[in-house]
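Chemist: Below, each chain spelled out in residue letters.
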Amino acid sequence: MGISQGVPAEGPGARAFDAVIVGGGIIGLSVAWRASLRGLDVAVADPAPGSGASHAAAGMLAPVSEVSYTEEPLLRLGLASLARWPAFAAELEEAAGRDVDLRGEGTLDVAFGADDMAALGELAAFMDKLGLPVERLTGREARRLEPMLAPSVRGGLLAGGDSWVDPRRVTAALLAALAARGVPLLRERVTGLDVTGGEVRGVRLAPPSSSAGPGSGLRRTPAGLTGGTGDPWAAAETALGGPHGDAGGLPAGPGTAERVVRARRVVVALGAWAGVLAGVPPELVPPVRPVKGQIMRLRSAEPLLGRCVRGSVHGSSVYLVPRRDGELVVGATQEELGFDDRVTAGAVWELLRDARELVPGVTELEVADVVAGLRPGTPDNLPLIGPTALPGLHLATGHHRGGVLLAPLTAELVAGTLAGDGPEIPPACSPTRFEDIA
Amino acid sequence: MTEDALVIAGQKFASRLIMGTGGAPSLEVLDQALAASGTELTTVAMRRLDPAQRGSVLDVLRARNIQVLPNTAGCYTAGEAVLTARLAREALGTDWVKLEVISDERTLLPDPIETFDAAERLVADGFVVLPYIGDDPALARRLEQAGCAAVMPLGAPIGSGLGIRNPHNIELIVEAAQVPVILDAGIGTASDAALAMELGCDAVLLASAVTRAQRPDLMAAAMRSAVEAGRQARQAGRIPRRRYAEASSPLTP
Chain L
1 MGISQGVPAE GPGARAFDAV IVGGGIIGLS VAWRASLRGL DVAVADPAPG SGASHAAAGM
61 LAPVSEVSYT EEPLLRLGLA SLARWPAFAA ELEEAAGRDV DLRGEGTLDV AFGADDMAAL
121 GELAAFMDKL GLPVERLTGR EARRLEPMLA PSVRGGLLAG GDSWVDPRRV TAALLAALAA
181 RGVPLLRERV TGLDVTGGEV RGVRLAPPSS SAGPGSGLRR TPAGLTGGTG DPWAAAETAL
241 GGPHGDAGGL PAGPGTAERV VRARRVVVAL GAWAGVLAGV PPELVPPVRP VKGQIMRLRS
301 AEPLLGRCVR GSVHGSSVYL VPRRDGELVV GATQEELGFD DRVTAGAVWE LLRDARELVP
361 GVTELEVADV VAGLRPGTPD NLPLIGPTAL PGLHLATGHH RGGVLLAPLT AELVAGTLAG
421 DGPEIPPACS PTRFEDIA
Chain Z
1 MTEDALVIAG QKFASRLIMG TGGAPSLEVL DQALAASGTE LTTVAMRRLD PAQRGSVLDV
61 LRARNIQVLP NTAGCYTAGE AVLTARLARE ALGTDWVKLE VISDERTLLP DPIETFDAAE
121 RLVADGFVVL PYIGDDPALA RRLEQAGCAA VMPLGAPIGS GLGIRNPHNI ELIVEAAQVP
181 VILDAGIGTA SDAALAMELG CDAVLLASAV TRAQRPDLMA AAMRSAVEAG RQARQAGRIP
241 RRRYAEASSP LTP
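As given, the protein sequences belong to chains L and Z, one line each in that order.
Under the numbering used here, the residue at position 407 of the first sequence is numbered 407, and the numbers go up by one with no gaps.
Under the numbering used here, the residue at position 61 of the second sequence is numbered 61, and the numbers go up by one with no gaps.
Chain Z extracted, bound-state conformation:
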């Protein structure tokens, strides 16, 4: 089988499932879920975390040799996000950042203007920036032009589990993008993750769908399979949809 690696900023990942850590009932449950997911890249909120603390979620990731992707969750302004990213770089020694600037606490939808502003500043500062955005093809294009290493459009609001509300826009983003497109937020179950990959996304990022499931490790395994299945289906090429039946074998000899 030929190699089909996800490449972000020149770095290769065999797994196309990126995990988040929020919502896990315990570190042990999280650890088991991460193992079952096969993820190689996992995002961690930096605003309420002491990177130096022994036994933290960072130790869980290190023990599994999973790369940490610090994120700026909880920031409302570009200023806060840039500051959080710099603190994360200092603490963790990585210049990767998942940029997340939210507009309000009710929807947690990303603020496009603050996000773009922060992205420009972080790119200029040498960061590998992966911005979380709405399913907006125009903004995705502008962020790519600004030098972001990937774009991360949402399927639906964070934690909602509503799936991909606007598959058409996700396809438009995928068509235009030269950088990886990572479907971020809104995944509720395995079919949502498979659909994201079938639409042409390069990877899927999810957290709550696994961490808040009744059996997180089992859901993580399901997500891993779904991402792989969706990727294969995309590469295999689906058959055209038809209004009427077309017999798969001749009806008459």
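Excised from the complex, chain L in its bound form:
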């Protein structure tokens, strides 16, 4: 009943998964985990899980401090998912036996000059109007909370409910949790959907040796993978010999031919690459574009900050996210440069220039890594979640800057839909919402 290498497993005895999740970032892995917990027989396909945007992301769970004009639907989704994070993290940590460093001390948004203070005041008024709990602080009050802030801080807003998590730890924990449940991880590049008779029948996988093509499937592992969070893949690899190990479709060794893995449903969780998957009918190609973000990780022996700090330095935004182990994440650029994922001198300079304005002490820290990730942007900055017009094709992508925040909600919605008893997909993230526009 195993799927034989090199030969499409199309026969009557071939195994068909309830769903194959294409893409092993935080969204795909979360969906797979929740779907598996719902009793579904699922697999994840990704040659390098956790190496894309999830590897770059800072992990801010900050719907309140990130709120902006015109984006109230995104705020509502974010708040709904933030409310799910504590239980999601606790269950995940229990299942994986790993810590994900979920923190809930809030975000402090600070301002320096009179212009930035005025902008912060307007933001506070907008938050009040939306009924969001924020606290206005003087410069001295802000610095009592965060003594490492620059003395020139004039004031701040504390969004006390905002939280954050370490996305690299989350993907590692998800892989461990999936492995513990025996969910197969197909470490091959998906070359396309298999669509027969007007419905999705499975996915086509490239031979392992050709899995590294940039831009056409999943990205290579970033060179900067040096974080101290352990090897995220190791646990998953070892677990593939579990209950379903014989049926997971893993090849015994490198092959040369494409093969098909059958599934009744396919969930495309390819992030920025969701729009380039072959086999999707042209009218259903999700309107996702890559939005490049460059982000830096610094390291100190002791944490410099007790909560997330963000600010606008002469109109240029920067945030700092502290971890318990002394890592400090500084992010992030937003660039519309296609699939370019190069780290540039200008971005490194801008990040450090602005971070130093907020917290002068950052210049003393060690540079741990600098990476560029590609966020999946959509025309309205809202994700694409749920079934499409093609039977069997589901989407879980387009999360732009909010993939980590929206992972628990997305997983719940998609797993529920796959299990047949899910909550209704909010219209704001329906994959069909753009169809009448085009």
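Be a bit skeptical, because a hint or two may be false.
Only part of the chain L face toward chain Z is listed, based on derived beta-carbon distances under 10 Å [to be verified]:
| hint | residue |
| --- | --- |
| 1 | E122 |
| 2 | T191 |
| 3 | T196 |
| 4 | P287 |
| 5 | V288 |
| 6 | P290 |
| 7 | Q334 |
| 8 | N381 |
| 9 | S430 |
| 10 | T432 |
Hints were generated in silico from the structure; no laboratory data involved.
Just so it is clear, CB atoms sit at the ideal spot from N, CA and C, and this is done for glycine as well.
Given chain L's structure and the hints, the job is docking chain Z onto it.
Modeler: Showing chain Z alone in chain L's frame:
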């Protein structure tokens, strides 16, 4: 009604509102704002944009049939600006460029010397050059003489929303210019745009005032009306200012 088109380098535009795209929270919000503005020409920063990427801001403009005016925002030297303009010409197939060479990141004020240098080189290279400059009548005249297709003096620093800080200089530029004068930067609200047109500017370019507004589409509609109103007021001819009242109808029969 007689045609009152804006003509730049021989090309006609019915709308005198030129938009920028920076600062929009999402492409959909930008799209709605552009539609409400009625613009036919919109400037796009080329330094952090891949023109080949599907679904980019360029696709938004193409879908609305809005002409793209590439700009050199973020350049500090004439050399960078010329290079950026050439890359934009190659990528977009247009020889129009909004030339922007800034002097420092705090004020984003244009560097007059680098701008003039770049303008000369780009004109010689066959570009239709629209330079962003300070409100300097002498520089505007020199750029016109150098062959620029328009001049784009600022009202106030980019993104400041401070309006037109030196209306007198804008009037001096308008009086002397034989090419279109486009008020660029500093517009905060509709009355600023109307004033620019009343001063005799041929068009207004703005971005932040719309893209960072609480309701961008509504502000875009306001700007469209303001530019039209200011243009009409300029053409209608305002009454002279008087110190004391002059009754609009005889006080005694």
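Chemist: Decide, hint by hint, whether the structure agrees.
Modeler: So, going through the hints one by one against the coordinates:
no. : hint : in the structure
1   : E122 : 9 Å, holds
2   : T191 : 19 Å, violated
3   : T196 : 27 Å, violated
4   : P287 : 6 Å, holds
5   : V288 : 7 Å, holds
6   : P290 : 7 Å, holds
7   : Q334 : 9 Å, holds
8   : N381 : 4 Å, holds
9   : S430 : 14 Å, violated
10  : T432 : 15 Å, violated
In terms of the numbered hints stated before, the structure departs from hints 2, 3, 9, 10, listed from lowest to highest.
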